[in-house]
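There are 2 protein chains.
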Amino acid sequence: MAVVHQSCVGYGAEPFASLVADYPGDDVYPSGDFRTEWGPIFHRGRLDGSARVLVLGQDPATHEAISRRILVGEAGQRVQGLLAKVGVDTAYVMVNVYLYSVFGQAAGSRHAKDAHIADYRHRWLDALLVGTGVTAVVALGDLAATAYRMWAKTQPDVAATLHLAAIRHPTYAEGFARASGKPLAETTAALLTNWNEHLGDLAAHVTPEGPTDLTPYAASWGPTDLAPIPEIDLPAGAPAWWRDVDAWATRTGADTQTKRATISVVVPKGARTWPAL
Amino acid sequence: MAVVHQSCVGYGAEPFASLVADYPGDDVYPSGDFRTEWGPIFHRGRLDGSARVLVLGQDPATHEAISRRILVGEAGQRVQGLLAKVGVDTAYVMVNVYLYSVFGQAAGSRHAKDAHIADYRHRWLDALLVGTGVTAVVALGDLAATAYRMWAKTQPDVAATLHLAAIRHPTYAEGFARASGKPLAETTAALLTNWNEHLGDLAAHVTPEGPTDLTPYAASWGPTDLAPIPEIDLPAGAPAWWRDVDAWATRTGADTQTKRATISVVVPKGARTWPAL
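Top line first, the protein sequences correspond to chains L and P.
The numbers in my numbering rise by one with no breaks, and the one at position 163 of the first sequence is 163.
The numbers in my numbering rise by one with no breaks, and the one at position 62 of the second sequence is 62.
Any given hint might turn out to be false.
The list treats identical chains as one, so a pair stands whether inside a single copy or across any two.
[Stated by the list, open to error] Restricting the straight-line Cα-Cα distance to at most 35 Å, the calculated cross-link-like pairs of lysine-lysine (DSBU-like) are:
#, residue 1, residue 2
1, LYS259, LYS269
2, LYS269, LYS113
3, LYS259, LYS153
4, LYS153, LYS269
5, LYS153, LYS113
These are calculated hints, taken from the structure and not from any lab test.
This one's a predicted model, so the numbers in the text were calculated from it and none came from an experiment.
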């Protein structure tokens with residue numbers, strides 16, 4: 001019992017208690033375009049005012065529907081690595097453009113300007129950016145940049161004090177390679193070039209918690225470019241492999257209907273610590 | 001956005017913050033006998049002092065590994081129905097004998113008296129029973145009754161003020177029918193007879209929150225004998241079907257190794273609210 005575990009305390013304190021009490025449902029997020037059946041997934045990171053960076057992601061993916069915190073999969077670990085470069089290990093908070101996972105390629109763009117979706121998102125951004133210690137916002141991809149700019153118009157004085165790093169989404173390389181037929185190596189290099197372009201400015205606008213390492217990314221992911229998700233970001237008792245880079249949740253099913261209904265959770269091989277069966 | 005959701009605030013307040021920080025791992029719970037790889041699952045219900053009944057269950061099952069709260073499956077809904085009969089809708093708290101799911105039939109009994117497992121469990125029972133408003137303990141099955149009596153010896157003065165309803169486990173009927181070859185109808189009738197024997201005494205030792213209904217159970221489960229899990233018992237954003245009586249989590253896999261590693265989460269048919277695919 002020498003191990004002392006950390007965990008996310010969740011949403012008991014205001015304004016978060018109120019925010020998680022009246023989240024929009026499928027009247028605002030149409031269930032044809034969003035996987036509302038898996039419930040909203042709100043955030044990851046510090047809600048106690050200690051965040052220095054806000055990361056704005058897009059929408060929760062498969063792993064997040066189980067862990068109930070956003071950006072815990074590979075995309076999240078890439079972002080975690082970027083934050084580590086600017087000396088931020090836990091002093092961040094992350095929210096998404098959408099509370100629910102987008103269903104279908106086009107749905108994400110289709111609702112980029114929905115007023116009711118924005119209203120609720122703005123309440124979170126107000127809570128996290130107005131009168132807080134956050135000095136920089138990292139927007140992951142175009143939808144996040146658009147969402148941030150919509151909010152910035154509602155709070156121009158606050159936004160004027162914040163640095164925006166509107167970078168490519170951490171899984172841009174995979175998505176663009178699939179869509180364009182270009183080699184993944186090429187799209188990965190483009191992603192990392194983009195991140196390198198923003199690294200210095202981001203570092204200049206964040207007070208680091210720990211050592212920084214502004215060595216640019218190479219043309220492909222290096223062994224230390226991904227950083228693990230800290231234990232303190234997940235709810236109490238969450239298995240350690242929920243924070244691993246090894247994938248552990250997949251949508252499975254022989255047809256579209258079953259696949260939408262199913263998430264298969266599989267303990268990664270490296271975490272199968274039990275005696276041989 | 002007219003819907004106001006309730007949710008469990010979790011473990012931010014003491015003594016629970018400390019309890020979830022230093023839970024025992026597989027040095028105390030051997031991974032041959034417990035599914036430690038899914039993490040500990042601590043409780044369900046009120047941690048704010050408003051509980052009037054403590055339910056002591058056995059170990060978390062499949063659904064609980066995902067919802068991260070105990071007794072949410074069919075067993076939990078049967079208990080919820082029992083509590084409703086004595087007028088308790090949300091004023092309860094539930095913990096298990098074991099933090100981790102038992103692996104294999106015999107493992108549960110084998111560790112019934114383990115000192116280190118009991119030490120940690122006693123800290124929870126102290127937190128929930130010493131100087132609180134709980135007046136009755138419902139122990140589900142023999143392991144729970146044994147665990148309660150072990151604790152009672154450490155706190156005899158407090159235990160003397162508490163009513164113990166040591167009832168059969170809510171899934172006793174299914175387990176005993178499988179093990180003995182007796183018809184399920186017969187073992188179900190035996191379970192419900194046992195619960196009926198304890199109903200009056202339990203009601204006499206609990207101040208109800210709402211109306212009571214001490215009509216005895218019939219020989220089989222009636223339509224109102226199971227009660228849904230209240231929304232306030234699950235973490236913020238949890239899908240409503242996580243509280244349904246329809247099963248939604250199963251261990252799948254062609255061999256024992258894969259089956260131990262896998263939980264398949266499937267939205268029940270009644271909760272597939274999306275447009276036809």
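Okay, the hints, checked on the actual structure:
Taking the closest pair of Cα atoms, LYS259 and LYS269 come within 35 Å of each other both inside a single copy (23 Å) and across two copies (13 Å). For a Cα distance limit of 35 Å, the shortest separation of LYS269 from LYS113 across copies, 32 Å, qualifies, whereas the shortest one inside one copy, 42 Å, does not. Within a single copy, LYS259 and LYS153 get their C-alpha atoms no closer than 39 Å, and across copies no closer than 52 Å, so neither meets the 35 Å cut-off. In the homo-oligomer, the alpha carbons of LYS153 and LYS269 never lie at most 35 Å apart, since the shortest distance is 48 Å inside one protomer and 43 Å across protomers.
Taking the closest pair of Cα atoms, LYS153 and LYS113 come within 35 Å of each other only inside a single copy of the chain (13 Å); across copies the shortest separation is 63 Å, beyond that limit.
The structure fails to meet hints 3 and 4 from the earlier list, while all remaining hints are met.
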